[in-house]
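Undergrad: Spelled out from the first residue to the last, the chains are:
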Amino acid sequence: MADALLQVEDLTKRFGGVVASDRVSIALDRGELHAIIGPNGAGKTTLIAQLTGEIAPDAGSVRFDGHDITALPVYRRSAIGLARSFQITSLFLDFTALDNVALAVQAHAGHSFRFWRNARGDAALREPARATLKDAGLGARADVLAADLSHGERRQLEIAMALATKPRMLLLDEPMAGMGPEESARLIEILRKLKGGLTILLIEHDMDAVFALADRISVLVYGRIIASRDPAAIRADPIVRQAYLGESGGAHG
Amino acid sequence: MKLSPAPRVAVNIFLVVFLGLVPVYAALTGNIFAMTLFARVMILALAALSLNLIMGYGGMVSFGHAAYLGIGGYAVGILSKEGIDSGFIQWPVAIGASALYALVVGALSLRTRGVYFIMITLAFAQMVYYVAIGLDRYGGDDGLTIYHNSQFGGLIDIGNKTVFYYLCFALLLAGIYAVWRIVNSRFGLVIQGARSNERRMRAIGFPTFRYKLAGFVIAGAMCGLAGALLANHTSYISPAMMEWTRSGDLIVMAVLGGMRAAFGPLIGAMTFLLLEDVLSRATDYPNLFIGPLLLIVAIYVNGGIDGLLGRGHRG
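Chains as they are written, first to last, in the numbering used here: chain A, 1 to 253; chain U, 254 to 568.
Chain A on its own, in the form it takes in the complex:
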């Protein structure tokens, strides 16, 4: 427990009569890849929005590296090393892939009240951005407008931008969404390489990806964590099978 990087305790969020997060508690050890699965409407997106600070919880706390960050604004969470990718790709579409990543680098390179020097000629921003693009498998696509990238490439760019902020922890909100099998396989490889060096919270529908990557899996149903165990145990758990795997992921179970 002492080594937990992210510790969520009794997080609760209601929307009217709906309890989207019902006393959710999870702890992520450093270097762990922890997956959260659950049927549609289980409250996965609400949960991640509370971790990123976009939604304020009604009760409960989020601790990161020992500090209470429950009320920390979104941009400050990025500064302390908590990065996210979006479920629906969220990029600067009218910027090139390299510009996108360079902006993420710039966000963590001091203040940006610098009004005169050409930022696109600034090696301190461009070189790390180029290296990160390469890590994310987009080295050859640096000068392509984000709007002109394929769906899979955009997802890779999402992750490159999160990585460029030099995070200690990544929150990945359905990174495989809408990807074909080949693209998924490539992304699984990229994530496998990142694993261990980074603590990752993965929210994902793709069961192949989850079981290939996760050290631990938590199952979220109606806002509640009903199980939090290693992949083999989750696969065998009758309650989980009934609540979730049996219903939509049976073929993989």
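Keep in mind that a hint or two might mislead.
These stretches of chain A come out as covered by chain U in the derived footprint (C-beta under 8 Å, 3 or more residues) [to be verified]:
id	region
1	93–99
2	106–113
Listed below are several chain U residues computed to face chain A (Cβ distance under 8 Å; list not exhaustive) [to be verified]:
id	residue
3	366
4	435
5	442
6	443
7	446
8	452
9	455
10	456
11	459
12	460
13	464
14	534
15	538
16	539
17	540
18	541
Hint data in this document are derived by calculation from the structure and do not stem from the laboratory. For each residue, glycine too, the CB sits at the ideal point set by N, CA and C.
For chain A, the structure is supplied; the task is to place chain U on it using the hints.
TA: Then chain U, alone, in the frame of chain A:
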């Protein structure tokens, strides 16, 4: 994919040379009116340029931008009326007061977006407009004649029309260069990123509000300078300088010329004001023709008139 930048460069160079030669033409032909008209074009281009910084690059559609023209103009007019003619005092006051006003308006309005932002900036500008109408000492509704131009202690005499023209010319070119540097700097990429996807900007760690506010203040200060120039140009100030339709005109100029193009505001201001000039002599209803033209540009031409000069260039 990238088209040659040649047509754009050629047009921009032509514009600069043309504007630079207008006083020569005026001296040769005795047509002083041309110089008056193009000085006005350049002053309003400077105003449109400042608007383009926040609207074109920053995505902040300010519908009260004429207020800065008014504040800059009234700073000159009021100080002149009170016996302070020094431009070294008047102009910094014009710029400072506009910047301060921008800081207040921005701090309140930038927390909203979309149509609310537009309405709040408009409401503030209307407030300033009615305050000016209420200033009986400074002419109220009728405005105020300025009897002495801003004095620069013998350094330059802006009472001389040619000197004033070239001052406007120099300030406009400096403004275009400054905006071009700013939008490509780290700061500029932040406000452009906030236009493109503000949620993402916050997620990667940018406190976008303070950068947008800084951009808003820079634009306000720049437009305040344009207001000080305008007051000296017409030797007259009145609430009409900041009527809401004038704010609309500035938006039209920025859109017409091409947002996110270095010379777009100048092209837009020139097109708009020349059309207005020609059409108002030919017809009683110039807007009847300008309106449809704007519609055509808005619907069919991506990137305004500048957009016709080819793609493949970036802020």
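Undergrad: Please go over all the hints and tell whether each is borne out by the structure.
TA: Now the hints, each set against the structure:
Counting residues of the region 93–99 of chain A whose beta carbon lies closer than 8 Å to any beta carbon of chain U gives 4, which reaches the threshold of three, so the coverage claim holds. Three residues within the 8 Å Cβ limit are the bar, and the region 106–113 of chain A against chain U gives 5, so the coverage statement holds. Annotation: interface hint on residue 366 of chain U violated; nearest CB of chain A at approximately 16 Å, more than 8 Å. The beta carbon of residue 435 of chain U is positioned within 8 Å of a beta carbon in chain A (closest approach about 5 Å), and the interface hint is therefore held.
Taking 8 Å as the C-beta cut-off, the interface hint given for residue 442 of chain U holds, the closest approach to chain A being about 5 Å. Nearest Cβ of chain A to the Cβ of residue 443 of chain U: about 5 Å, under the 8 Å cut. The hint holds. The criterion of a C-beta within 8 Å of any C-beta in chain A is met by residue 446 of chain U, whose closest approach is roughly 5 Å, and the hint holds. With 8 Å as the threshold, the beta carbon of residue 452 of chain U comes within range of chain A, its nearest partner Cβ sitting at about 6 Å, so the hint holds.
With a cut of 8 Å, the hint placing residue 455 of chain U at the interface with chain A holds, because the nearest CB-to-CB distance is about 5 Å. At its closest, the beta carbon of residue 456 of chain U sits 6 Å from a beta carbon of chain A; the interface hint therefore holds under the 8 Å criterion. Taking 8 Å as the C-beta contact cut-off toward chain A, the hint placing residue 459 of chain U at the interface holds, the least distance being around 5 Å. The restraint placing residue 460 of chain U at the interface with chain A holds, with a minimum CB-CB distance near 5 Å, inside the 8 Å limit.
With 8 Å as the threshold, the beta carbon of residue 464 of chain U comes within range of chain A, its nearest partner Cβ sitting at about 7 Å, so the hint holds. Nearest Cβ of chain A to the Cβ of residue 534 of chain U: about 41 Å, over the 8 Å cut. The hint is violated. Hint status for residue 538 of chain U: violated, given a least beta-carbon distance of 38 Å to chain A, over 8 Å. For residue 539 of chain U, the shortest C-beta to C-beta distance to chain A is roughly 35 Å, which exceeds 8 Å, and the interface hint is violated.
The beta carbon of residue 540 of chain U is not positioned within 8 Å of any beta carbon in chain A (closest approach about 32 Å), and the interface hint is therefore violated. Taken as an interface hint, residue 541 of chain U does not check out: its beta carbon lies about 35 Å from the nearest beta carbon of chain A, beyond 8 Å.
Comparing the model with each earlier hint shows violations of hints 3, 14, 15, 16, 17 and 18; every other hint is respected.
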